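Q: What follows is the residue order along each chain.
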Amino acid sequence: MKTFLEDLKSELVKMQVSEDKIQDILSDMEEMISSAKEEGISDEDLMAKLGDPKRLARELAEIEPKVEKPHEETNQDGVYAFDPIGETLSIRTKLTSDDVTYQSVDSNMIRVIIKDHKKDHKYNVTYENQTLTIDEGKMRTFFFGFSFGNGSSSIIIEIPKSITIESFKHNIVNGDVVIQSLAVSSLNINTTEGDIDMSGLIIQDGVIHTVNGDVKVFKSVAKMLRLDSVSGDVEIQNTEVEHDLTINTVSGDFEANESSAENLYFHTVSGDGNGVEFYIKRLSFSSISGDFSLKNTRKEPIEILKKKSLSGDINL
Amino acid sequence: MNAQFKKGILELCVLSILVEDDVYGYAIINKLSEFIDVSDNSIYPILRRLTNEHYFTTYLVESNEGAPRKYYQMTEKGFNYYLELRSEWNAFIGGVYQIINQGGKKNEDILRRFKERISKNASK
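For the protein sequence lines, the chains are A and B, in the order given.
For the first sequence, position 278 (counting from the first letter as 1) is numbered 330 according to our numbering, and the numbering increases by one without interruption.
For the second sequence, position 7 (counting from the first letter as 1) is numbered 10 according to our numbering, and the numbering increases by one without interruption.
Quick caveat, the hints were computed from the structure, so don't treat them as lab data.
Be careful, since some hints might not be right.
[Stated by the list, open to error] No farther apart than 25 Å at their CA atoms in a straight line, the calculated lysine-lysine pairs in the DSS-like style are these:
(1) 73/A - 10/B
(2) 89/A - 54/A
(3) 359/A - 347/A
(4) 73/A - 106/A
(5) 360/A - 109/B
(6) 106/A - 109/B
(7) 73/A - 118/B
(8) 61/A - 109/B
(9) 66/A - 89/A
(10) 89/A - 34/B
(11) 89/A - 146/A
(12) 108/B - 360/A
(13) 109/B - 358/A
(14) 73/B - 54/A
All values reported here derive from a predicted model rather than from experimental measurement.
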């Protein structure tokens with residue numbers, strides 16, 4: 053063990069690590085060696101644990117000379133306001149772990165409010181060509197060159213009532229998203245872990261994709277709506293879909309209350325579907341082991357377009 | 004495995020241990036060794052670097068036998084960094100999960116389709 057420490061020391065000296073750092077490193081190493089010995093580790097295992105002193109010295113030398121850089125100062129209040137041009141708006145959001153709320157307001161300004169705004173976080177908020185864009189400016193590259201966001205904030209986006217959103221794209225890794233009382237022509241939400249909560253929306257064409265976040269749609273109207281989830285649950289309440297409602301899940305459950313759709317396409321591996329006062333005209337259902345059941349007071353005929361299930365049941 | 008990639012993962016593992024409790028160096032290595040192979044002193048440089056970055060502070064505690072032990076304690080800055088790494092990791096794994104499950108979750112289904120394809124190719 054002596055040789056290990058001596059080798060490490062001479063390597064660190066070679067690499068011009070300062071005297072006090074070397075002392076610090078050696079005393080840490082001695083502590084680890086003594087802890088290991090207390091546990092009765094064999095010399096052989098210990099040597100394996102300590103590894104090559106040259107390599108360790110090289111790695112440590114890389115770490116030491118770093119000087120702390122001062123933090124960038126950014127916008128402290130985190131409020132951005134824009135005077136809307138025209139009656140339509142496109143929204144593009146690409147974030148990592150921020151919770152975002154979109155809501156309609158009586159005022160006639162588009163506002164983006166970033167709460168818990170930390171000074172080393174930086175967001176790009178722009179409004180150009182009737183498009184509101186929000187993303188994270190400074191990204192660090194980490195594993196294999198994919199990038200890291202800047203931690204998380206909660207962001208509120210206020211949109212004047214008079215404005216129709218032409219195209220809405222929200223990409224987020226694990227922040228939640230809440231959307232309230234907006235009219236959207238084309239809605240597209242992509243999340244990995246965050247939950248999605250939508251209420252009072254008027255949607256022409258909506259596509260929502262999540263890996264394991266839950267999706268809730270309340271009191272909304274849509275022409276076409278598609279909800280894809282791997283393991284998150286999907287819930288629909290007081291919602292009317294004029295044409296196709298498509299639900300794809302792997303293990304997530306689907307629940308619909310007091311809602312309606314012309315055509316329901318429900319595909320699942322092991323998730324169950326449950327409808328109460330859920331009126332559909334046509335149904336296409338496929339599952340491996342998931343069930344689908346409907347409990348309605350008004351008995352109206354449902355045309356079955358397709359029914360394919362390995363071990364799941366349909367109960368109407 | 005790519006060294007940079009492994010380093011990033013080990014860093015997240017170290018942070019995950021210290022988010023729960025203050026732990027001394029050798030015990031961190033031991034806790035990690037329960038699950039993964041860390042037999043090449045890859046952990047100490049991580050501890051040192053993250054301490055230099057002010058993600059951890061340290062304090063010494065006398066031990067009954069042998070040298071006093073340096074305990075590592077996570078700072079708020081360290082905690083925020085941990086959350087970032089964790090969410091990025093989850094996003095990555097989420098993507099990987101989607102890719103590997105594109106053909107379904109069940110091995111037998113994937114195997115069946117693979118066999119069908121092989122036999123189709125063989126009959127050509």
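Q: Does each hint hold? Answer for all of them.
A: Hints versus structure:
A C-alpha spacing of about 22 Å is found between residue 73/A and residue 10/B, which places the hinted pair at or below 25 Å, so the restraint holds. For the hint linking residue 89/A to residue 54/A, the alpha-carbon distance of about 14 Å falls within 25 Å, and the restraint holds. With a CA separation close to 18 Å, the supplied pair residue 359/A and residue 347/A stays within the 25 Å bound. A C-alpha spacing of about 16 Å is found between residue 73/A and residue 106/A, which places the hinted pair at or below 25 Å, so the restraint holds.
Using a Cα cut-off of 25 Å, the hinted pair residue 360/A and residue 109/B holds, with the two alpha carbons roughly 18 Å apart. The suggested pairing of residue 106/A with residue 109/B is violated, with an alpha-carbon distance near 47 Å, which exceeds 25 Å. Pair hint residue 73/A plus residue 118/B does not hold up; C-alpha atoms about 60 Å apart against a cutoff of 25 Å. Of the supplied pair hints, the one linking residue 61/A and residue 109/B is violated, its CA atoms being roughly 54 Å apart against a limit of 25 Å.
For the hint pairing residue 66/A with residue 89/A, the CA-to-CA distance comes to about 29 Å; that exceeds 25 Å, so the pair is violated. Between residue 89/A and residue 34/B, the direct Cα distance comes to roughly 16 Å. Compliance with the 25 Å bound is thereby established for this hinted pair. Taking the CA atoms of residue 89/A and residue 146/A, the gap is about 51 Å. The hint is violated against a cut of 25 Å. For the given pair, residue 108/B sits about 18 Å from residue 360/A by alpha-carbon distance, which is consistent with the 25 Å threshold.
Under the criterion of a C-alpha separation no larger than 25 Å, the hint pairing residue 109/B with residue 358/A is consistent with the structure, at around 23 Å. Restraint check for residue 73/B and residue 54/A: satisfied, since their Cα atoms lie roughly 21 Å apart, inside the 25 Å limit.
Checked against the numbered hints above, the structure breaks hints 6, 7, 8, 9, 11 and satisfies the rest.
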